[in-house]
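Engineer: Chain by chain, the residues:
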Amino acid sequence: MSLDKDTVARIARLARLKVPEEELGALAGELSGIFAWIEQLNEVDTKNVEPLSSVSDVTLPMRADKVTDGGIAAKILANAPGGAVYIEPGDKNAGGFFTVPKVVE
Amino acid sequence: MTALTDLTVAQLSVAMAKKEASAVEVADAHLKKLDEHRALNAFITETPDKAREMAKASDARRAKGEAGLLEGVPLAIKDLFCTEGVQTTAGSHILEGFVPPYESTVTTNLWKSGAVMVGKTNLDEFAMGSSNMTSYFGGVENPWKRRGDNRKLVPGGSSGGSAAAVAAYMVPGSTGTDTGGSIRQPASFCGIVGLKPTYGRCSRWGVVAFASSLDQPGPFARTVEDTALLLQAMSGHDPKDSTSAPLAVPDFVAASRNPDVKGMRIGIPKEYRVDGTSPEIVALWAQGMEMLKAAGAVPVEVSLPHTKYALPAYYIVAPAECSSNLARYDGVRFGLRVPGKDLAEMYHNTRGAGFGKEVRRRILIGTYVLSAGYYDAYYKKAQRIRSLIARDFKEAFEKCDVLLTPTAPTSAFAAGEKMDDPVTMYLNDMFTIPASMAGLPGISVPAGVDKDGLPLGLQIIGRSFDEETMLRAAAALEKAASFKGRAAGY
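Those protein sequence lines, which keep their order, are chains A and B.
So the number in the numbering used here is just where the residue sits in the first sequence, counting from 1, plus 591.
So the number in the numbering used here is just where the residue sits in the second sequence, counting from 1, plus 1200.
Keep in mind that the hints are not guaranteed to be accurate.
With a Cα cut of at most 35 Å, we get these calculated DSBU-like pairs of lysine-lysine [claimed, not checked]: (1) B:Lys1312 with B:Lys1470; (2) B:Lys1218 with A:Lys609; (3) B:Lys1440 with B:Lys1462; (4) A:Lys683 with B:Lys1352; (5) A:Lys609 with B:Lys1232; (6) A:Lys666 with B:Lys1312; (7) B:Lys1470 with B:Lys1232.
Pair by pair, the computed Cβ-Cβ distance ranges are [what the hints assert, rightly or not]: (8) A:Lys666 with B:Pro1539: 20 to 30 Å; (9) A:Asp636 with B:Glu1501: 22 to 32 Å; (10) B:Tyr1302 with A:Glu679: 19 to 29 Å.
Keep in mind that the hints were calculated from the coordinates and are not lab data.
Note that the coordinates shown come from a computational prediction; the quantities given were computed from them, not determined experimentally.
Cβ atoms here follow ideal geometry from the backbone N, Cα and C, with glycine treated the same way.
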């Protein structure tokens, strides 16, 4: 399995990850090396094997379907990198918004 | 009198109970060590004020007769655990300056037991690495050096800062997290004990997620008993993490104080004899078995046929989960934001600037293996292999009670070595990843030194949710090996 520069650029776009053009070549080489090494998994016959998604034999516990917290808008917005806007500037727990660049013209 | 910083968790508890030292004095003695050894870069954030405040409160509790299991014991916390009001970075630029408004469950449990936080330790970025060299805040230096060689060595990773802090006697214990070996491998490199519990034993709530089906918090300390004390406080079901097991927490401390292995069957997996392992480690492994045999244990050769596939399967599963988990870092709600002309460009710029090289690489691998047309060939295939690995262990544990293996294929390497090719670096975790893939508990115990005087660990792997038997075997190995090594100058 060999990945070319275009494939790496396409994956980077899917991941919303800016990768400088000049790094694409080296990255394609590294990723191709990793995937070539991963290829050895094809030696294993897994036709009748169920995929394992959880290692735990324990049944996951259920809990009552009720609200256990709330009224913490200020805490949630405290780390907003673009700053936050509150509905009621006098009451920071009433709710508010994260701010992002304009999406709709 | 022995210096307070030379005492173990258990010894400190006795000293404070006997009023030979107050929690404030104990905290101050350790904070002084943080000052002295700052050059190791073991900490990203030191919290001396918080430590003194917590120690004062601890002394007040003790005076009222309300001492907890870890009352007054100073601990370092891997900077992957969210700590309320204290910056939590995950070793990444993208979380620099992030101050969590909540506390992780594991640290909450530790503070409830009376422990005192001295700071947040350095780590590989988002816990992705085996050298601590991928941290945005710079590498950590291992307190150990090769005899007659002044080059700086890595402490292992990803919990390198937590391991170095304990090895340098800055703290008697610390927390780590282990996804593919991130507690056990640095413990081996630094000559201390590191324990990864069964997946589900400790809550992951408030721990910055890397690979959710593998991540598990655990302790570092200088003795097996001390790791048991820490694990005792850290463990337990948490309604906020549905994968934390609703099981009673056994008496780990009692198990760690009972090094009786008479009749215990110790499995030696033949597939762990692989090329590339240092001959000294192979010899130490045999010695470890002899020691346990002399203590009354019975060696049993077992087979784990899919061992060699654990590592490549891990490098599908872990990056896949990482690419999903790290999708949340988008510059909108917390962390770094790098502006762009529109929302999409802001995402690209933020993530491109915020993530380091290894994290970017893993996000790309994960995105690729989960993308349309490749999901079955890679992700599903890896999960099927994971089934086979888990089955191997189940079958082996019909013939034995614990497994004994090396922890890592080499001793600590120099900063810069093994950096050219990612696969070479990944091979560091070849002995720890299989147990991670099966969710099993593992502990690394320092058992000897190599020709350069560097510590080497042996790993004991236990059955699912049977840390007690594992701790008994570890205590027996610790007693027989009686490793007394200490890095020169620390």
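Engineer: Straight-line Cα separation of Lys1218 (chain B) and Lys609 (chain A) no greater than 35 Å?
Structural biologist: violated (59 Å)
Engineer: Given the hint that Lys1470 (chain B) pairs with Lys1232 (chain B), test it: the Cα-Cα distance must not exceed 35 Å.
Structural biologist: violated (47 Å)
Engineer: May I ask you to test the hint 19 to 29 Å on the CB atoms belonging to Tyr1302 (chain B) and Glu679 (chain A)?
Structural biologist: Hint holds: Cβ distance 24 Å, inside 19 to 29 Å.
Engineer: Take the C-alpha atoms of Lys609 (chain A) and Lys1232 (chain B), compute the straight-line distance between them, and say whether it is at most 35 Å.
Structural biologist: violated (43 Å)
Engineer: Does the alpha-carbon distance linking Lys666 (chain A) and Lys1312 (chain B) stay inside the 35 Å limit?
Structural biologist: holds (23 Å)
Engineer: Given the hint of 20 to 30 Å, check if Lys666 (chain A) and Pro1539 (chain B) actually sit that far apart at their C-beta atoms.
Structural biologist: holds (25 Å)
Engineer: Does Lys683 (chain A) pair with Lys1352 (chain B) here, judged by a C-alpha cut-off of 35 Å?
Structural biologist: With Cα atoms ~50 Å apart, Lys683 (chain A) and Lys1352 (chain B) exceed 35 Å; violated.
Engineer: Regarding Asp636 (chain A) and Glu1501 (chain B), is the given constraint of 22 to 32 Å on their beta-carbon distance met?
Structural biologist: holds (25 Å)
Engineer: Would the hint linking Lys1440 (chain B) and Lys1462 (chain B) be met if the CA-CA limit is 35 Å?
Structural biologist: violated (40 Å)
Engineer: Against the 35 Å threshold, does the CA-CA distance of Lys1312 (chain B) and Lys1470 (chain B) hold or violate the hint?
Structural biologist: Not OK: Lys1312 (chain B) and Lys1470 (chain B) at ~44 Å, beyond 35 Å, violated.
In summary, the structure is inconsistent with hints 1, 2, 3, 4, 5 and 7 from the numbered list given earlier, while agreeing with the others.
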